[in-house]
Every structure is written in C-alpha cells, then in structure tokens.
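J.: Sequence:
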Amino acid sequence: MVSHDPKIIRKKHPERIEVEWTDGHTTIYSAAELRRLCPCANCVHELTGKRMLDPSSVPDDLSQEDLRMVGNYAIAMRFSDGHDTGIFPFPFLREHDPRPA
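Numbering-wise (my numbering), the sequence shown opens with residue -19 and increments by one.
Be a bit skeptical, because a hint or two may be false.
Unchecked claim - What follows is a list of derived Cβ distance ranges for each label pair:
#: 1; residue 1: Ile(-12); residue 2: Ile67; range: 16 to 26 Å
#: 2; residue 1: Glu0; residue 2: Thr28; range: 28 to 38 Å
#: 3; residue 1: Ala56; residue 2: Gly29; range: 13 to 23 Å
#: 4; residue 1: Met(-19); residue 2: Ser37; range: 28 to 38 Å
Keep in mind the hints are simulated off the structure, nothing from the lab.
In this text, all values refer to a predicted model and were calculated from it rather than measured experimentally.
Backbone N, C-alpha and C fix where the C-beta goes; we use that ideal spot for every residue, glycine too.
Just need the whole structure built from these sequences, with the hints factored in.
T.: Here it is, written out as structure tokens:
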C-alpha cells in the first residue's frame, strides 16, 4: 500500500530534496521538478485548475532554500527564482513522484 506519510525529509543540497516514506519508498525531487509542480494560486488557476506556469520557463539548475514544515501535512520552500508561495502537501508529493516505484 502506498504511504502518503513521510518518515524522513532530507534537503540533500540546494538542488534536491529526498523524502523517505513510511512504506520504504524513497522519492528524490529536484528543485526544478518541484517548482514546475507548484500548486499555488499563482501557478494553477484556482477555479479552472489550469496550469498558469509554463514548465519550460523553469531552469533545470534552479535551487531551493528555507525548506520548512507546514503543520504536519506539507512542506514549503523558497526557490532561487524568488517564488515562495507553494505549499506541497505530502499526498500531492507522493502522487507526483517523478520516478514512481
């Protein structure tokens, strides 16, 4: 069964975040992958769900800093392009695993 509960969240370096889930699966996200997935209202239209952010506008060498917990349900961070309004709930992160098991 797929877990949406992280066991450990590691900031590997400014370009990468690693999440080890309670079911033993590990997901590695690049900062660019997370920025392209950002679910905030600036990146996804609140009413239509249409993605407003052009993924091709996000450079592959993007970095992140200030990784922090949001309650006990999500993480947030600031990206090197200045964007910092995205909140990434744990189920959202697991469902958008760039390299699923």
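J.: Does each hint hold? Answer for all of them.
T.: Evaluated hints:
At roughly 20 Å, the beta-carbon separation of Ile(-12) and Ile67 lies within the given 16 to 26 Å, and the hint holds. The hinted range of 28 to 38 Å is satisfied by Glu0 and Thr28, whose Cβ atoms lie roughly 35 Å apart. Separated by about 21 Å at the C-beta atoms, Ala56 and Gly29 satisfy the suggested range of 13 to 23 Å. Between Met(-19) and Ser37 the beta carbons are some 37 Å apart, a value that agrees with the proposed interval 28 to 38 Å.
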